[in-house]
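Colleague: Protein sequence lines correspond, in order, to chains P and F.
Counted the way the numbering used here counts, the first sequence spans residues 256 to 513.
Counted the way the numbering used here counts, the second sequence spans residues 256 to 513.
Bear in mind the hints are in silico, worked out from the structure with no lab data behind them.
Treat the hints with caution; some may be incorrect.
No copy is singled out in the list; a pair is fine if it fits within one copy or between any two copies.
[As the list claims (entries may be wrong)] Below 16 Å or equal to it, Euclidean Cα-Cα: the simulated EDC-like pairs (lysine to aspartate or glutamate) are:
no., residue 1, residue 2
1, 457, 389
2, 416, 326
3, 457, 400
4, 342, 389
5, 457, 355
6, 417, 358
7, 332, 358
8, 314, 400
9, 416, 433
10, 342, 326
11, 416, 429
12, 332, 421
13, 416, 400
14, 416, 358
Listed below are the residues making up each chain.
2 protein chains.
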Amino acid sequence: MRLLPHPPSQTTDPSVESTDRSVSERNSILARAPETGSDVHRERRRAVLETAARLICAKGYEATSVQDIADACGLTKAGLYYYIRSKEDLLREIQSYGMDIFEERVLLPVQAIADPLERLKVCMERNIHLVTEEWSKEVTIILHEHETLTGAARQQINARKKRYVDFLETAFAEAAREGRIRPVEPTVAAFSFLGMILWIYKWYRPGGRISADRLAAEMQDLFFGGLETSPAKRSRRQGPSKSTRKPAAQRSRKGASG
Amino acid sequence: MRLLPHPPSQTTDPSVESTDRSVSERNSILARAPETGSDVHRERRRAVLETAARLICAKGYEATSVQDIADACGLTKAGLYYYIRSKEDLLREIQSYGMDIFEERVLLPVQAIADPLERLKVCMERNIHLVTEEWSKEVTIILHEHETLTGAARQQINARKKRYVDFLETAFAEAAREGRIRPVEPTVAAFSFLGMILWIYKWYRPGGRISADRLAAEMQDLFFGGLETSPAKRSRRQGPSKSTRKPAAQRSRKGASG
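Same shape as in the complex, but just chain P:
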């Protein structure tokens, strides 16, 4: 039984944010004596939820006991309950944590970008980086595959997911209205964008042949290369766009992130 199926990642690309917490780092966070300081507690709770997500993905929710999670975290059961409410509540806590991270790293930083096309491009890049970081993979899987939540908890998570879809639909409609992209059906565009990104956890291996930066550049180019209008049409925009029609495969490894 492989509880922690992924070895600590070797991030060779220095441009990748160093949020890729390795297993040993995570365990050392947990090994320290608990403190009530909120930052430390928050950090430890993250480590517990990421470890629980790995166990649940490897063994299944039913087969994962609170003792298994405590063992993997190097905690007693009592110590574990300092960070999670109950096993019943665990999927909700992991999904809620996954949405917190997503909003913090992807949605909030891009909302202020005035140009809707640039907003979408940076959003895609940030979301790709989030789903390719090894520590977040199982959290993402639980967020999108475990439909076991019911009642208010389910409604809450679905409302937060819907906020992202609404954000994308609005940005696509705005970009089309401003002549930044060709006309598209905003719902189809939003879910196509999401599908490309969220399918990544099914096939992508961090540390493999394709770096996260390369992946983000290729996907931006695939998706927006077709949507973007020619520079001549963009009468109201000043300055050249960062993204030309030159394929990413021929471009230098430069992300479009601001």
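Dock chain F against the given chain P, drawing on the hints supplied.
Modeller: Below, chain F without anything else, positioned relative to chain P:
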């Protein structure tokens, strides 16, 4: 408890193949006395596997008993075992059935298309129709979300999935080599193509605002509108391409299927 969460679909679009078997139709197939004729047996086995897939998606694999499946099919347990080997084998049988249907409807019919770009476009359209047909939704979910298979069964399914990825990568590389599309990283292109299509079961509702034909046209346009080179560059090709850069939203509802 909703065993059959989706009502029988009302296909308003006559161009959609009438493979969307409704629940009542499926049950009437099962209600007839078993025969050993292979076509009838095959048809009934399909109905059993589709019903089992619905139950497993609604209740979870562990919570679904053979008796539940027999009840939903209007069969005795003994009658059910005429169609399935065992509960243990059920996920494998559903996944294998899902791959059979996929190969029969999507992969085999397009392999003979000489032009790699047209091959990819028709393939996308056929795959979108498959995943938007109501009867196949739960089979698709089990095919892509239940990783519970082990050993030889898992290897077999993964090898068949890999054959599709290989097919797509080869077609993208060929299309780029022939100047039919801009240069792309074939693996990223293949999984982006797949992600857009396979994410559909997460959000698309048959019978809703967007028809399957419209969805296919929009996605073809989103994906290939950016990849396709301008007609001027296509020196070795004869005749105009079916897909122009005109957005699908402004086009007539005409699929690219042959």
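Colleague: Next step is simple, just say for each hint if it's right about the structure.
Modeller: Consistency of the hints with the structure:
In this assembly of identical chains, residue 457 and residue 389 lie within 16 Å of each other by CA distance solely inside one copy; the values are 12 Å within and 23 Å between copies. In this assembly of identical chains, residue 416 and residue 326 lie within 16 Å of each other by CA distance neither inside one copy nor across copies; the values are 32 Å within and 36 Å between. Taking identical chains as interchangeable, the C-alpha atoms of residue 457 and residue 400 lie at most 16 Å apart whether they share a chain (11 Å) or sit on different chains (9 Å). For the identical chains of this complex, residue 342 and residue 389 are neighbours neither inside a copy (24 Å) nor across copies (34 Å), given an alpha-carbon limit of 16 Å.
For the identical chains of this complex, residue 457 and residue 355 are neighbours neither inside a copy (22 Å) nor across copies (21 Å), given an alpha-carbon limit of 16 Å. Taking identical chains as interchangeable, the C-alpha atoms of residue 417 and residue 358 lie at most 16 Å apart only when both belong to the same chain, with a minimum of 12 Å there against 33 Å between chains. Taking the closest pair of Cα atoms, residue 332 and residue 358 never come within 16 Å of each other, the shortest separation being 31 Å inside a single copy and 49 Å across copies. With identical chains, the CA atoms of residue 314 and residue 400 are at most 16 Å apart both within one copy (15 Å) and between copies (14 Å).
Proximity of residue 416 to residue 433 under the C-alpha cut-off of 16 Å is found in neither arrangement, the shortest distances being 26 Å within a copy and 41 Å between copies. In this homomeric assembly, residue 342 and residue 326 come within 16 Å of each other (Cα to Cα) only inside a single copy, at 14 Å, whereas the closest approach across copies is 32 Å. For the identical chains of this complex, residue 416 and residue 429 are neighbours neither inside a copy (20 Å) nor across copies (38 Å), given an alpha-carbon limit of 16 Å. For a Cα distance limit of 16 Å, the shortest separation of residue 332 from residue 421 qualifies neither inside one copy, at 41 Å, nor across copies, at 47 Å.
Only within a single protomer do residue 416 and residue 400 lie at most 16 Å apart by alpha-carbon distance; the minimum there is 13 Å, versus 19 Å between protomers. When the C-alpha separation of residue 416 and residue 358 is checked against a cutoff of 16 Å, the pair qualifies only within one copy, where the shortest distance is 10 Å, while the shortest distance between copies is 33 Å.
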